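Participant: Listed below, chain by chain, are the residues.
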Amino acid sequence: MSDIVFSGVRKAFGSAIALHGLDLTIRSGEFVSLLGPSGCGKTTTLRMLAGLEFPTQGTISIGSRVVNDVPPGKRDIAMVFQSYALYPHMSVAENIAYPLKKRGMPRAERETRVKAAAETLQLGALLQRKPRQLSGGQQQRVALGRALVRDPVAFLLDEPLSNLDAKLRAHMRAELIELHRSLGKTFVYVTHDQLEAMTMSDRIAVMNEGVLQQFATPKEVYEAPANTFVATFIGSPSMNMFEGALADGVFSHPALRVPVTPEASGHGSRLLLGVRPEDMTLGAGPLNGTIRVVEPSGHETIVLLDFAGTTVTVRAPPDMPLGIGSVLACDVKSSRLHLFDAVSGLRIAARFGAALPPA
Amino acid sequence: MATNPLDRRYALLGAVLIAPTILIFSAVIIYPLVSAIYLSLFTIFTPTLRGQWVGLGNYAELMASNEFWRSLANTFIWTVFTLTLQIVLGIAVALMLHQNMVFRSLARSLILFPYFVSTVVAVLVWRWLFNDLYGILNYLALISGLLQRPLDWLGSMPNAMISIVLVGAWKYFPFVVIAVLARLQSIPDQLYEAAKMDGAGPIARFFDVTLPQLKEVLVVVILLRAIWDFKEFDLIYLLTGGGPVISTQTLPLMVYKEAFGLNDMGRASAIAVSMMLVMLVFMVLYLRSAGRSEREGAR
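Protein chains in written order, with our numbering: chain P, 1 to 359; chain H, 1001 to 1299.
It should be emphasised that the hints constitute simulated quantities derived from the structure, not laboratory data.
Computed from a predicted structure; not experimentally measured.
All C-beta atoms, glycine included, are put in the ideal place defined by N, C-alpha and C.
Please note that the accuracy of each hint is not assured.
Stated by the list, open to error - Derived lysine-lysine pairs resembling PhoX-like cross-links, with alpha carbons at most 25 Å apart:
id : chain 1 : residue 1 : chain 2 : residue 2
1  : H       : Lys-1171  : H       : Lys-1215
2  : P       : Lys-130   : P       : Lys-101
3  : P       : Lys-102   : H       : Lys-1171
4  : P       : Lys-101   : H       : Lys-1215
5  : P       : Lys-130   : H       : Lys-1215
6  : P       : Lys-130   : P       : Lys-102
7  : P       : Lys-333   : P       : Lys-219
8  : H       : Lys-1231  : H       : Lys-1171
9  : P       : Lys-74    : P       : Lys-115
Said to hold, decoys possible - Only some residues are given here: those of chain H computed to face chain P with a beta carbon under 10 Å:
id : residue
10 : Asp-1132
11 : Leu-1191
12 : Ala-1195
13 : Lys-1196
14 : Lys-1215
As the list claims (entries may be wrong) - Now the in silico label distances, taken between C-beta atoms and shown as ranges:
id : chain 1 : residue 1 : chain 2 : residue 2 : range
15 : P       : Ser-64    : H       : Met-1096  : 51 to 57 Å
16 : P       : Glu-175   : H       : Ala-1011  : 53 to 59 Å
17 : H       : Ile-1136  : P       : Asp-76    : 54 to 60 Å
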């Protein structure tokens, strides 16, 4: 087995700390996304795994081997760069064959492998072209071909879809999922696009400011975010937060009250109640919000409501009559609420009752 | 055609704006060129600029003249060797200056120094360095034991040719450095990183990533420098004067000698025209390469 293990990995660039001690185990064959806003340390993490940067502290191992001092070419991993980084003077076939050539593979075997890779990626007709004669999506495929021809233990992908247009991106996403399934290899995928991470990954490592926030399946990251950063970063529009206090088993905010039974104690008195835009029902209920903005998008309408000074985003059906300034009655789905400590931001496991009208 | 009156007036304005350039170009390029070709058909006494029509006689004499062929050979030897050194040295120094190192910007400006110094000044300094009695080169070689006797750097062969080749390389390699360095800075880092991932070592990265990216700029630099080295006059004239005898005499020096030393403007013009024919080959190559890169840029 060739699990990838980061243990206590720190990285500092001078006085700037890019990564504060990362512990992460990526299982062999898994598709893992490193997700976070720019500057969160996800690319640094990937580059250290590739061997293009070196950890200030801690160890990185692939399988049973610590690779801290192993040069990139000898780590048995392949990388697809954001800009594809194809060699412009070489043909598609030469580009794909290059890593094999550098490893001293005989020409005949090289050609067989290039042909096989080209077939997998439908590049057969383009083998003699130069990279500049290819479209963005084709260049992307050549970059993938150059990676998979080596048959490495793991594939590292650094925002590979960000230079493609929206339609092609959706298409390549599906192709990557299929490729991962057919190869059965480890994929480590860096992205700032939550949609890519959610749709493709087995597990997502959400990062922020050099700290791993949560490492879990897409479903778990969405349904049980570990803290307010993950809760608001994942999901679009992002989760609404009501700030309030817990007294006599009831969470109170000026615009809503919810009975709450925390499953553990030790949290502070200021709490955040999180509600996703799709977890509010409109038209009836104990809560009243004033409609401020209406954004119709065809299949649904995003509505910004004002709840006693807290702005809340909800999803409404496209045909619902919505007048700006009017008051809309709503309810929350009590089984789908989230509770966080307002100071530490950490999730508090809790059970919720049906919402009550404000006091 | 421009049938609209406004279009016609724009066309006229264009012609008026371009006219001064055309006039100056004709005065300093076309006129001397035509007149050189014309003069090459006469035997002309330089001080009076009078002489006799000889048709292609001057050219026939040149073809039979050993001195002409020797000078042509010298021109090629000088050009090929000094240019090769300029390119190799230029690329090496550019690669060095591209690295992160202390005082990089200072080094980058200092390296251009030879190129900016006037040739006369540079040559005077080099002549002192090369001086067989007082020169520091001989002094250092003697005390370090490299030489048993002082060497005549400029007055004997092949030393004189080696010396002008070296000084030419020293004087003009910064041009190569500037051009190559500018290109190096535009090579994306990700290409080098991809090559590292692909298992390419430093030497493979140079030949597989750097050199192919430098190809275009090198073609232009080599052609331009070839043309300029081919017609180099002042550096060689001041350093050796073409000597010993005619051992380092290149065609430009021979033109000068014929025109102003031997006062035969006709023969000098014939040599100059022959030289131009050789350089025309470089020029055609240059235009074709420039045209090709333009077409590729447009694609």
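Participant: Run every hint past the structure and note whether it holds.
Facilitator: Structure-based check of each hint:
no. : hint                               : result
1   : H:Lys-1171 / H:Lys-1215            : holds (23 Å)
2   : P:Lys-130 / P:Lys-101              : holds (18 Å)
3   : P:Lys-102 / H:Lys-1171             : violated (39 Å)
4   : P:Lys-101 / H:Lys-1215             : holds (22 Å)
5   : P:Lys-130 / H:Lys-1215             : holds (16 Å)
6   : P:Lys-130 / P:Lys-102              : holds (20 Å)
7   : P:Lys-333 / P:Lys-219              : holds (18 Å)
8   : H:Lys-1231 / H:Lys-1171            : holds (15 Å)
9   : P:Lys-74 / P:Lys-115               : holds (24 Å)
10  : Asp-1132                           : violated (49 Å)
11  : Leu-1191                           : holds (5 Å)
12  : Ala-1195                           : holds (8 Å)
13  : Lys-1196                           : holds (5 Å)
14  : Lys-1215                           : holds (7 Å)
15  : P:Ser-64 / H:Met-1096: 51 to 57 Å  : violated (41 Å)
16  : P:Glu-175 / H:Ala-1011: 53 to 59 Å : holds (55 Å)
17  : H:Ile-1136 / P:Asp-76: 54 to 60 Å  : holds (57 Å)
Hints 3, 10 and 15 from the list above are not met by this structure, while the remaining hints are.
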